[in-house]
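Protein chains: 4
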Amino acid sequence: MSGNSTGHLFRVTTWGESHGPALGAVIDGCPPGLMLDTAAIQADLDRRRPGQSRLTTQRKEADAVEVLSGVFEGRTTGTALSLLIRNADQRSRDYSGVRDLYRPGHADYPYDARFGHRDYRGGGRSSARETAARVAAAAVARQWLAARFGVEVVAWVDRVADVSATGVDEATVDRAAVDAYPVRCPDPAGAAAMTARIDAARKAGDTVGGTIRCVARGVPAGWGAPVFDRLEADLGKACLSLPACKGVEFGSGFEGTRMMGSAHNDAFGVGPDGAPLPLTNRAGGTLGGISTGAPITLRCAFKPVSTHFQPQQTVTREGEAVTFRNQGRHDPCVLPRAVPLVEAAALLTLMDHALRTLALGRG
Amino acid sequence: MSGNSTGHLFRVTTWGESHGPALGAVIDGCPPGLMLDTAAIQADLDRRRPGQSRLTTQRKEADAVEVLSGVFEGRTTGTALSLLIRNADQRSRDYSGVRDLYRPGHADYPYDARFGHRDYRGGGRSSARETAARVAAAAVARQWLAARFGVEVVAWVDRVADVSATGVDEATVDRAAVDAYPVRCPDPAGAAAMTARIDAARKAGDTVGGTIRCVARGVPAGWGAPVFDRLEADLGKACLSLPACKGVEFGSGFEGTRMMGSAHNDAFGVGPDGAPLPLTNRAGGTLGGISTGAPITLRCAFKPVSTHFQPQQTVTREGEAVTFRNQGRHDPCVLPRAVPLVEAAALLTLMDHALRTLALGRG
Amino acid sequence: MSGNSTGHLFRVTTWGESHGPALGAVIDGCPPGLMLDTAAIQADLDRRRPGQSRLTTQRKEADAVEVLSGVFEGRTTGTALSLLIRNADQRSRDYSGVRDLYRPGHADYPYDARFGHRDYRGGGRSSARETAARVAAAAVARQWLAARFGVEVVAWVDRVADVSATGVDEATVDRAAVDAYPVRCPDPAGAAAMTARIDAARKAGDTVGGTIRCVARGVPAGWGAPVFDRLEADLGKACLSLPACKGVEFGSGFEGTRMMGSAHNDAFGVGPDGAPLPLTNRAGGTLGGISTGAPITLRCAFKPVSTHFQPQQTVTREGEAVTFRNQGRHDPCVLPRAVPLVEAAALLTLMDHALRTLALGRG
Amino acid sequence: MSGNSTGHLFRVTTWGESHGPALGAVIDGCPPGLMLDTAAIQADLDRRRPGQSRLTTQRKEADAVEVLSGVFEGRTTGTALSLLIRNADQRSRDYSGVRDLYRPGHADYPYDARFGHRDYRGGGRSSARETAARVAAAAVARQWLAARFGVEVVAWVDRVADVSATGVDEATVDRAAVDAYPVRCPDPAGAAAMTARIDAARKAGDTVGGTIRCVARGVPAGWGAPVFDRLEADLGKACLSLPACKGVEFGSGFEGTRMMGSAHNDAFGVGPDGAPLPLTNRAGGTLGGISTGAPITLRCAFKPVSTHFQPQQTVTREGEAVTFRNQGRHDPCVLPRAVPLVEAAALLTLMDHALRTLALGRG
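Residue numbers (the working numbering), protein chains in the order written: chain W, 456 to 818; chain Y, 456 to 818; chain L, 456 to 818; chain G, 456 to 818.
Here chain W stands alone, though its shape is the one from the complex:
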């Protein structure tokens, strides 16, 4: 296998290059009997689509999803779902500028090192365009998780460069609030400042990074696994597999490591349903790798976009030193469009663990 698949029971394989004819995902393991809302899949895809605002790239893509298999009379059949997205914007470009050199911050060199050659058109398989397929697959997971368990996953932009959101309540924030601003920060003041920060970077021909937070509410106690497949481990892997993601933390995360143990532990009380429930949530919803019933909370770090417009030093395939400068239009900040990606990472992971929990054969 070459890394294009994820999940044990809700197994998703994505395929497709940035400038190929299409991209897509196959889901092997979707439970049967789900009334599949294809409009909702499309709505999730639309949140990731390029060209939504001046904050993002101007590539024109409808990103219209077709469901080619696995659904009959509106319901999933339990066999493989094939989701297809045609690439519309494949206009002929001149790639001579990037074909023979290694762009700093991009996968050009390691792909050549690994595979011996690479599809250099728009990044080929390493393009973030691939994530459309993940979002489509995760949209199926979102529907099943909501219908079966009432799980709700919401992500938002937490910080752009040094501009942070404040006052966002993990217990109540929803996707409508997040989408109220193109920058996808549900704090109005933060959203305004972030937008200004991104505009400034764009005008400077530069780019910025930041962090995204995500909460999963409604996950019952008992999802996850001991040892290698702890829920944080699988969630973290999913997040770190997103383009440009260089870090992930759960609950109190890195800051929490400065606390004393007596201050950090979450005391248990009794939840509304009579089950134990942590009274605080520094643990971020898990203990020993298994969910406690508290909201699962995480934060991801996204490095500043590698495609800026300053001159850069690099080498060619023949090992010659050259100075390189990007052309065209690109996202100065990936974070607004990364919000649905982080949700997708969480949804695919939770879906897989939900099915793994059913497979325990309890109850």
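Source of the hints: derived by calculation from the structure; they are not laboratory data.
Beta carbons: idealized from backbone N, C-alpha and C, even for Gly.
Be aware that one or more of the hints could be misleading.
Residues of chain G clear of chain Y, computed beta-carbon distances all greater than 10 angstroms [stated by the list, open to error]:
| id | residue |
| --- | --- |
| 1 | Ser457 |
| 2 | Glu472 |
| 3 | Asp492 |
| 4 | Ala494 |
| 5 | Ala517 |
| 6 | Ala535 |
| 7 | Asp574 |
| 8 | Val628 |
| 9 | Pro637 |
| 10 | Glu775 |
Straight-line distance between alpha carbons at most 25 angstroms, and here's what the computed SDA-like set of lysine to any residue pairs gives [said to hold, decoys possible]:
| id | chain 1 | residue 1 | chain 2 | residue 2 |
| --- | --- | --- | --- | --- |
| 11 | W | Lys515 | L | Val522 |
| 12 | L | Lys515 | W | Val522 |
| 13 | W | Lys658 | Y | Ser717 |
| 14 | L | Lys658 | L | Ala647 |
| 15 | G | Lys515 | Y | Val522 |
| 16 | W | Lys515 | W | Arg504 |
| 17 | W | Lys658 | Y | Ala722 |
On the provided structure of chain W, position chains Y, L and G as indicated by the hints.
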């Protein structure tokens, strides 16, 4: 599967409870022909062993490893290796204090929620004692990676609570320097301050957390995979599967998200072997999820130890609110003993990706 | 996972229903650098296509394959290949006759039992039409195995009902000889008799089964694995996953169990390359689950086609006893078209084991 | 992975060599809450043990199983079970006769070809002794399948060389009847004739093979999967992974391919619970790869034992032609001891598919 296995080609399954008769690991996929140094496996285990200094728990365990299969005339045969470690210190204890309640910060409640009951003796399967098996398996990987590729993995304590190491050089730090101080920080001043910090916590009946850094040197360009199995994703999963680990970051990590793209990208130059090599290493040794030949660098966050000696509020299995207080002797800080665990996480991941790269069938 | 994937390293997932818009396969793990001959993929598909002769079903399908990803400038990139085949012949039919009852010999009832509902149009996912996707994926494996190792896989019809082929030489038979007769038996007399046997069945409104033999030449010694993934085990699984296949045997197979051990063992001599080579081949090319360098030989049993035109007793979804009779035109004998399926089963298995052998890291 | 593992959800890994200190199995994925009867595991192992009668090898092994993990207070915990069996009979032998040559019919040569060297003591990993670990793991599956679904798996010797059992009723035959004769054939006349046949082979310094039949009763409709993981495919793989097994067939098998379709299809009637049930069982309990509720029936072919006492022609590791003759005492017929192996193959497969069915999330 219940989460006790990791890896696709170098597949490790661990088993065993804290107070069962033994624990161990089975490795399915160790390449044949490796001259296995069992003393070196034992040496790696000894670094994780309890009771090494006053900084760590006083449980007495020899942690003597037996290799029960997969080796003939000193060389691995290519069939499954079984590694066994007997539990020596299983003296009878009174568990009535923990059997019926849910310790804050521990896996007691989610294990009950997931499995319907749990082995409450010393944490059972959720005990960090399980990690001995990972360290043993990773010691095999260390030997093969060194012999075949010259890969070297070194981790050290980077910060305890708010006391940070300074001046550690990722390019040269080695395990001897790390082990020169019981706290496993290769910065003498930092080590002294960290030791004092841990002692203070112990005296206060409290615990501390912190961060560990790790570097993998000698990884050739081209290890990793596109999309879901990016090298950071798999390394991050391995780290986040360690007990108490709540965050991981690569290269510039969370701090790097505050930089501009033009400042963050690593320019390419030409390495000593004529291949491209990043001139700086903010990326942490990967691009697009695949190694570049630069050192792979990461940092892990470990929460403060959950077993402190202050009174804590919790509930019983029957849902009654109670006040709970730990007894006995426990590590006030897990970090010195977590150093070999982080190395193990990196080694197991790199080993698997090394074999996956061979399976590409190039060359 | 719901059973739509096969292979560890050359991992193939197929999708699609008989009367959906399309079907296809995704290959995760195709080695990079293969010059892919898409015309050869199409040629393999054409051997499986319906409507090739009066012996087979008259459904009209071009079965034109599109390669949507994973190839750049003619060579595989090492990322996922997506192969798409449109369903052309989806004309509207009246399924009221089969929607509400369970056809004997078909998957209707167990699909309902497993999934709660089913796509009843033409068998949905249980249709043999799915095998087009396997054949397409296997055509990629065929090219790599030939280019890298000189492996050659040839299958042919060995017996139809009680009419057997004679005189076929496993050492030399090739696909051209097999395809010389529509019935795909390279023995002229046998082919004529089989054709007559199939015609007689068709005229009687009935169907026949039989056996297919397959040989893989050029497989080096050392492919396979001990214990669970023996080469016969994986080959056998692949064959038994073909529609209507109810048995498989290797080398001397069931008949060989009547021999004495002293007569059955294959003595070793020295092969043309100086390596040991069995002088006879009752073992069918493997010992202990691993190839010996001798040709791998197997035989598959295909039950008579379930869709005949005699009245049959069955029950409806509501449990009512009814008499049912098939309509339309169907293959009276699946064997000629199953020849490429058996080859595909062998090719996919050998490809996976080739890569697994490379992953051992020897040499 | 090197082939030592099987199953997706009930994942079993075995390890150990014939003349190493021990062998064992780790089960990752055993459902929690099973009251584990270790005496019943031992009883299953005792059926496979050498030295049970004059029909089998005289190696002395107690095959006492230890459960080292995964059970607490008598119940499985849902974490990994480790099963250990010490090798008692490791007395020093002289292997110079087999160390440097390749025994016909044995795995010596392909192991060397694959791994570069081999443990030549008693066959090492290729020894049938490995199957003790499978039987132990399958004994756990047997208990869960019986407790949860009432599944019952029974195998028996069907034919030895040309001596067949007659009159065995698949609907009622049980293990007590099978074990009534050392040859494990529940037909008294057949048992007597088979015993004579084996004795004759032994006296002639030769060996015999034969077939084993197996039935699984109580499997509900709906287990299995479409396409690659059909229930026959997985059952067949498990059987073909047994040492000396060279063929497998389901239901009417190879003989059924001589029938007309109109005679072969099983008509549906209504079962005792009101669900559809095939009125005959030529299909062997599955349709489209999924169980129908009818008994699952299969037959396995076991080649004659490779270790006979006639002179054999072979080559040394250096390629020199030599004549070889086995020494010592060995089973003249593997079939009586293979009965529990075939049951184990079926049990492990059914257990995995049971959990996979639960993971569908229906009901």
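Do the hints match the structure? See the list:
For Ser457 of chain G, the shortest C-beta to C-beta distance to chain Y comes to about 5 angstroms, within the 10 angstroms cut-off, and the non-interface label is violated. With a minimum CB-CB distance of about 6 angstroms to chain Y, Glu472 of chain G fails to clear the 10 angstroms threshold, and the non-interface call is violated. The non-interface label for Asp492 of chain G is consistent with chain Y: the shortest C-beta to C-beta separation is roughly 18 angstroms, beyond 10 angstroms. Residue-level check passed: Ala494 of chain G sits 18 angstroms from the nearest beta carbon of chain Y, beyond 10 angstroms.
Residue-level check passed: Ala517 of chain G sits 17 angstroms from the nearest beta carbon of chain Y, beyond 10 angstroms. Listed as outside the interface, Ala535 of chain G is inconsistent with that label: its C-beta sits roughly 4 angstroms from the nearest C-beta of chain Y, within the 10 angstroms cut-off. At the 10 angstroms boundary, the C-beta of Asp574 of chain G falls inside the reach of chain Y, the nearest C-beta of that chain being 4 angstroms off. Chain Y leaves Val628 of chain G outside its interface by the beta-carbon criterion, the shortest separation being 34 angstroms against a cut-off of 10 angstroms.
Remark: the non-interface label on Pro637 of chain G is consistent with the geometry, its nearest Cβ contact in chain Y lying 31 angstroms away (cut-off 10 angstroms). With a cut of 10 angstroms on Cβ distances, Glu775 of chain G stays outside the contact zone with chain Y, its closest approach being about 22 angstroms. For the hint pairing Lys515 of chain W with Val522 of chain L, the CA-to-CA distance comes to about 24 angstroms; that is within 25 angstroms, so the pair holds. For the given pair, Lys515 of chain L sits about 24 angstroms from Val522 of chain W by alpha-carbon distance, which is consistent with the 25 angstroms threshold.
Among the hinted pairs, Lys658 of chain W with Ser717 of chain Y is consistent with the structure: their alpha-carbon atoms are about 13 angstroms apart, no more than 25 angstroms. With a C-alpha separation of about 17 angstroms, the suggested pair Lys658 of chain L and Ala647 of chain L falls inside the 25 angstroms cut-off, and the hint holds. At roughly 24 angstroms between alpha-carbon atoms, Lys515 of chain G and Val522 of chain Y fall within 25 angstroms of each other, so this suggested pair holds. With a C-alpha separation of about 9 angstroms, the suggested pair Lys515 of chain W and Arg504 of chain W falls inside the 25 angstroms cut-off, and the hint holds.
Of the pairs offered as hints, the one joining Lys658 of chain W and Ala722 of chain Y holds, with about 23 angstroms between alpha carbons and a cut-off of 25 angstroms not exceeded.
Hint violations for this structure: numbers 1, 2, 6 and 7, all remaining hints satisfied.
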